[in-house]
Amino acid sequence: MDKNKYLEEFGKPFPRDDVKWRLQNVDEQKSVGRAVPYLDARAIADRLDSVVGQNRWRDDYREWRGIDKNGKPIYAQLCTIYIYDEELGEWIGKTDGAENTDREPIKGGLSDAFKRAAVKWNIGRYLYQFNAEKVSVKKWGKNFYITDDAQAELDRIYADTVAKIFGNEAGEAKQKPPASEKPPENKEAPVFEINAVETQVDKSALIFSRNGTRYKAYMQGVDKRLQNGTRITNVRIKRHKTPVGECNILTSYDIAA
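Using our numbering, you'd call the opening residue of the sequence shown number 3 and step up by one each time.
I should point out that these hints are in silico values taken from the structure, not numbers from a laboratory. Remember, it's a predicted structure, so these values are computed and weren't measured experimentally. Each hint should be verified, as a subset may be incorrect.
Computed cross-link-like contacts, DSSO-like style, restricted to lysine-lysine with a CA-CA straight-line distance of at most 30 Å [claimed, not checked]:
(1) Lys22 / Lys240
(2) Lys240 / Lys117
(3) Lys136 / Lys7
(4) Lys7 / Lys117
(5) Lys32 / Lys109
(6) Lys32 / Lys144
(7) Lys218 / Lys243
(8) Lys136 / Lys117
(9) Lys22 / Lys205
(10) Lys144 / Lys243
(11) Lys71 / Lys122
(12) Lys7 / Lys96
(13) Lys166 / Lys117
(14) Lys218 / Lys109
(15) Lys109 / Lys243
(16) Lys136 / Lys240
(17) Lys141 / Lys218
(18) Lys96 / Lys109
Using the sequences and the hints, build the whole thing.
Have a look at this one:
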């Protein structure tokens, strides 16, 4: 295999919709944190599919165990991403590993190992040139999330940094605004009717419907205008990952006439 056969194609920047930001830490006041960019496994698999084809790559895993300096056992996962080289007629693999995570230990370790092995193939390696960015955060249950305003700033930072690394022609990362923030384009914004509201001290759960289809979303704070039968429009919703899965977050809306 030519040593640089896939280097350029694998190394191209990802659209900013595919790039997530992970909180590394939160300050003592629980209002500010540091975030770094990363790719999820789906985006990496899509890049492998598009460059080499679905039947020309595969991933393989095995468990690794060791002992740390304090004598405690370490459990980790190793991932090898293989790509089939037709010139050589054999599979070429690159391996990296990651320790099991605190939450969903084995699943988290497998996912992190896959991402690290992908970096060996130059997929997402450019993200290591980014700095940890200071962001405002909000608490949701026991977890912290990046605020919408901070996320918008991170999107700008991502586009600007990609332009600096790859040149202004690398517009792939700038072409489209985040899909999670952009509502469907309609000549007339749809109107939804609130069917149920469950309020807590600092957040609310809403069920609303349109044309017989029901939706559920959460929002920060309590809006006393939202009652059964209230109609809302200009609805903006984004998806949020939580420890138990994904949920809808209602980020903005207007009371319909």
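Each hint tested on the structure:
With a CA separation close to 13 Å, the supplied pair Lys22 and Lys240 stays within the 30 Å bound. For the suggested pair Lys240 and Lys117, the alpha carbons sit about 25 Å apart, so the restraint of at most 30 Å is met. For the hint linking Lys136 to Lys7, the alpha-carbon distance of about 37 Å lies beyond 30 Å, and the restraint is violated. A distance of roughly 20 Å separates the Cα atoms of Lys7 and Lys117; the hinted pair therefore holds under the 30 Å criterion.
Restraint check: the Cα-Cα separation between Lys32 and Lys109 comes to about 28 Å, which is no more than 30 Å; the hinted pair holds. Of the pairs offered as hints, the one joining Lys32 and Lys144 holds, with about 11 Å between alpha carbons and a cut-off of 30 Å not exceeded. Proposed proximity of Lys218 and Lys243 is supported: the alpha carbons are some 15 Å apart, at most 30 Å. Simply put, Lys136 and Lys117 have alpha-carbon atoms about 24 Å apart, close enough for the 30 Å limit, and the pair holds.
Using a Cα cut-off of 30 Å, the hinted pair Lys22 and Lys205 holds, with the two alpha carbons roughly 24 Å apart. Pair hint Lys144 plus Lys243 holds up; C-alpha atoms about 13 Å apart against a cutoff of 30 Å. Between the alpha carbons of Lys71 and Lys122 the distance comes to roughly 27 Å, so the proposed pair stays at or under 30 Å and holds. Pair hint Lys7 plus Lys96 holds up; C-alpha atoms about 14 Å apart against a cutoff of 30 Å.
Between Lys166 and Lys117, the direct Cα distance comes to roughly 24 Å. Compliance with the 30 Å bound is thereby established for this hinted pair. At most 30 Å may separate the alpha-carbon atoms for a hinted pair to count; Lys218 and Lys109 meet this at roughly 28 Å. Proposed proximity of Lys109 and Lys243 is supported: the alpha carbons are some 15 Å apart, at most 30 Å. With a C-alpha separation of about 22 Å, the suggested pairing of Lys136 with Lys240 holds against the 30 Å cut-off.
Between Lys141 and Lys218, the direct Cα distance comes to roughly 20 Å. Compliance with the 30 Å bound is thereby established for this hinted pair. Between Lys96 and Lys109 the CA atoms are separated by roughly 20 Å; this keeps the pair inside 30 Å, and the hint holds.
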